[in-house]
Amino acid sequence: MPPTKTTINGRSVDTEIIARRPALTVKVGEGVHVVTDIRRPSAGQIEFSLDGRVVRGWRFAGADEVYVRIAGNTHIINVARPGASGAGNAHAVNDIRAEMPGTVVALHIAEGDSVALGQKLMTVESMKLQIGVVAPRDGVVAKIHARLNSTFDRGAGLVSLAPAAGEIEPPKGNG
Amino acid sequence: MLKRVLIANRSEIACRVIRTLRAMGIGSVAVYHLEDRGAPHLDLADEHVPLHGQVPSAAYLDQDQIIAACKATGADGLHPGYGFLSENASFAARAANEGIAFIGPDADVIKLMGDKILSREFARKLGIPIAPSATQTGSLEHFIEAAAAIGFPLLIKASAGGGGKGMKIVRAAKDLEENIRMAAGEAQRYFADGRVYAEKLLDQPRHIEVQILGDGKGNVIHLFERECSIQRRYQKVVEESPAPNLDRKLRDRICEAAVKLASAANYKNAGTVEFIVSADGTFYFLEMNTRLQVEHPVTEMVTGVDLVAEQIKIASGQRLSFAQKDITQKGSAIEVRICAERPEKDFQPAVGRIGLLRVPVGENLRFDGGIREGQVVTPAFDSMLAKLCCHGENRAGAVAGLEAALRELVILGVPTNIDFLARIARNEVFKSGKLHTGFIAEQAADLAPPLLAPADEAAAVLAALFGDADFRRVAFGVPEPYASIGAWRN
Amino acid sequence: MPAIKSLISTGSEDFRRRYAHNKGLAAALKSKQDESRHKRPQRDFDRLAKQGKMTPRERLNKLLDPATPFLELSTLAANMAYGGEAPGAASICGLGIVSGREVVIHAADSTVKGGAWYPLTVKKVLRALDIAIENHLPVIHLCDSAGGQLQMQSEVFPDKYMAGRIFRNQAILSKMGIKQVALVMGHCTAGGAYIPAMSDYSVIVRGTGGVFLGGPPLVKAATGQVMTADEIGGADLHTQLSGTVDYAADNEDECIALGRDIVAQFDRGPKTRIEQAEPEAPLYDPDELYGIIPDDIKHGFDMREVIARMVDGSRFHEYKPAYGTTLVCGYAHILGFKVGIIANNGILFNDSSKKGAHFIALCNQNNTPLVFLQNITGYMVGREYEIAGITKDGAKMIMALVGSHVPKFTVMCHASFGAGNYGMCGRAYDGRFLFTWPNHQIGIMGGEQAANTLVEVKQRQLEREGLTVDPEVLAKVRADTMGAFESQTNAYYATSQLWDDGILDPVDTRNALGIAISAALNAPFGVPGNGIFRF
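Residue numbers (the working numbering), protein chains in the order written: chain G, 3 to 177; chain U, 27 to 516; chain Z, 996 to 1530.
In isolation and in its complexed conformation, chain G is listed as follows (with noise of 0.2 Å):
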């Protein structure tokens, strides 16, 4: 497994597992540490023995970023999570496909608009309910396939966004 990427105040610190017996032996930016004796005294706070000095603090998980207060000062960590991105398959998705055939019935960009993730591209109406089609990434979009009032077939092409900076062209088949 790659070392975990952290950020602790802005700063980029890696950390490595180096060994677990016979104590947790972990490598934090360039130093190697010995931990031990990691107890959760109360709520909110963790405790433990760095190379033989305790360590007792304070932790808070918000949504992105853990609070961390030791000795009257507090840290802002971030933890990166490899993969999460691609967890529902949206991340790089090019082309935005129906899920259900319906109509049109709202276009809110036009071809060459910046949108966000989460912007809402257009409404369509399927089986009596509006839907609103959202972009599934940050991009540019490239192409709307689908016009104002067409109807449409699950699985047609609604819009496509232009590809990713730095996104990998497929190779050309070598079977």
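Calculated directly from the structure, the hints in this document are not laboratory data.
Glycine included, each C-beta is placed from N, C-alpha and C at the ideal position.
Lysine-lysine pairs mimicking DSSO-like chemistry, simulated, CA-CA at most 30 Å apart:
(1) G/Lys29 x Z/Lys1057
(2) G/Lys7 x U/Lys371
(3) Z/Lys1045 x G/Lys7
(4) Z/Lys1215 x Z/Lys1108
Stretches of chain U that chain G covers, calculated by requiring three or more beta carbons in the stretch to come under 8 Å of a beta carbon on chain G:
(5) 429 to 436
(6) 477 to 488
Place chains U and Z on chain G using the hints.
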């Protein structure tokens, strides 16, 4: 005596007022916008009334809703706290017309003191020194000329303003016009009043203010001074009483000037007269705030007077029950404002959710807060979360106690200035009491977050990761004998 | 449990000579493994880099939990086949920890002929899947394979234990509730396409991953259509339209992270409980094994000295120490796991065979896994021993062994000749794992014995036919036989043919067994019971 008081405010000051109301056996009514549902002041109050509106802060400014809430709950008194409607003369007048005791001075006094130009003129006529200044009466060109005549550096302020909005410092003649125009533009935008005035900017000035109590029946006393020189973005962050290293005689003269001003206005309510004091001992009247001040606790801690209780008694028509000679300063008290902000990013306000709150407790400590665990801090309101105050036998004791309390205080889930405040409390210049309004800028290097030692950085990162489910699984989820074997390859 | 008292003198001439010899064998093993793992024409690495792909070993290291072992299996498979053009049989298989779970990893080695399947590739992958089935271990497939070697299709495709068996085993695993994840990081062509399709979960890398029965050349040949691999079976097609693959990832790092997260969702069934203690290092340094193993196949050694350098605290409870002394039996712990050890200390006689069969039965009664340490040149031969029933006593060992419901592990320590191989749990006896030391030799008999036997047969044949016995003819028979045995009885040939799960440096045996035993405990033990013992 009032029977039931509605607090037209929120957060810590609403809690603060309700505590005194409870102690006095007076009923309390809280108002709140939906954004504040679940806020602590709602629990403390006997009743609460929701305010409606698209913009949360505007709801607390909605006079119709607040008056209606008073009527609906039978409140006969109305405490405005600070900010919001606290210095709104028309609101005070309206409350009076509706038969509700507005806990503050009469509308005309609010109006007088609320206008920087008028109030300075009022003070000048009383012989209270005011900083050399120029007021915009006619054309902007005329004003630019008058401002230049004062000499540089200059401070340009909005006539109707406060809170640093529309405030500009001009150090050379060539920058004057542009800054005046910018200040006027901002003043117009923020206060719908484009008038500005210019005043002399003192070198290393101190902000000293005097707490006043007047009963509107001819009795005005002061409760000594507060030092509020430690400011960022023109807003106070550390306040204390008494002011350190302030000549006793100078202090008395300032307090006398404050009483003189308030007496001349037949002042009723608690109020604060603010002065700017230069290093050479000259002082100038700045403005008078006709309300309870954020930093009132330090005065309460050194004088033993409950200022809110006095406000209510005065609003109930009572005379002051004590005289000037009864007021003494005991020890030293200091307050810091805990704000949701990023000091290292120019004190930019921050948002988040208060996930963990641990408040230090001690006989010498006072924590005026309006927050609770789980509360969301939104950009809808001011970034101040709470005030932490410490009393000591002397200033050194108060500062040391405050520093310890700040280290102990835990507010996690939103960036705060707690550590920054603790670094102020540890700063040698601050401890020596050589304060002025440029302190934070001058000591910026010393007040910046220290570079973490690698071991401390590791400790913090690990403390974060040990609570992280993914990391815990990797660190502790490996079974034997794999954990014992380690990174072995055959 | 007392510690073994080692009688080895590490200062002796014997020790030093053996040490140098075996240390040299271990170094040769390491260098062969190194070559097999990493030595490739630069263009193969360049091709991967150009495609934005990691090497399979980089992928493996990113997949495994940090600071955990990986027991790589059959590292030198096919090392003596195909003129050496398929190192490791073009695949990487092994046991490791992913998200805290013990798993089997099967990675196509795309640095070898694009990960194409040779006959021994199929054998190696099938063995990995058998390990998963026998030990109830989830499987992670790192897919990046060009498909079957068309030139060898007759040895890859049609028979029972050929490619089709891979997908059959995948279905069996799924049916057993043993999860599989396919991480498609290259092409899965033709049959290979079924690996993700038969997996319970699958992730594909956008851009470089592709799943199709026919790749661009085949599609062109069959239909005339010219299409890119991505158009025929890329990430978006399979995760959005066909549903053949479950998740898309933007790059290999993300794919691996997703794979790790999928494994983190797996339930962990209870492991079979056996006696266990805190792991403890042996009292004697395992490095001394090099000085104990003989430098001549004909030389014997005391297997207790080996045990002392393999088990926890070097402690060994020896069973029936004074009886049948050519077979050492007893209890010990390996990395905390209680095991019964059966080790050869000479030829198997009637008493040692019966002691062995009895001890196998005891371990079954005691739910104790069995570890066999082979150094066996056979059962004793001759009329006297036949009268005493040496064949039926050997049969008792086999009957007890096959009837065992506890898992069995075998280490080929020096020699494995004749029926002794059977009684000591050779490859045919369903041991969960079997490892070989580099000095080891294996065959129906020793080369010299075979040569002598054949020379004897030839001589009698010539005499029967009344021809003169030409010593040159006999010498040729002798030399030919010796040569053939030489090349086919050594450990590298054995491991090339996948007769084992890999050659081990002797000092690695303890860790390998620890992992193997731990893995085995994921499956419930079998049903106790035996066939008829011939008494």
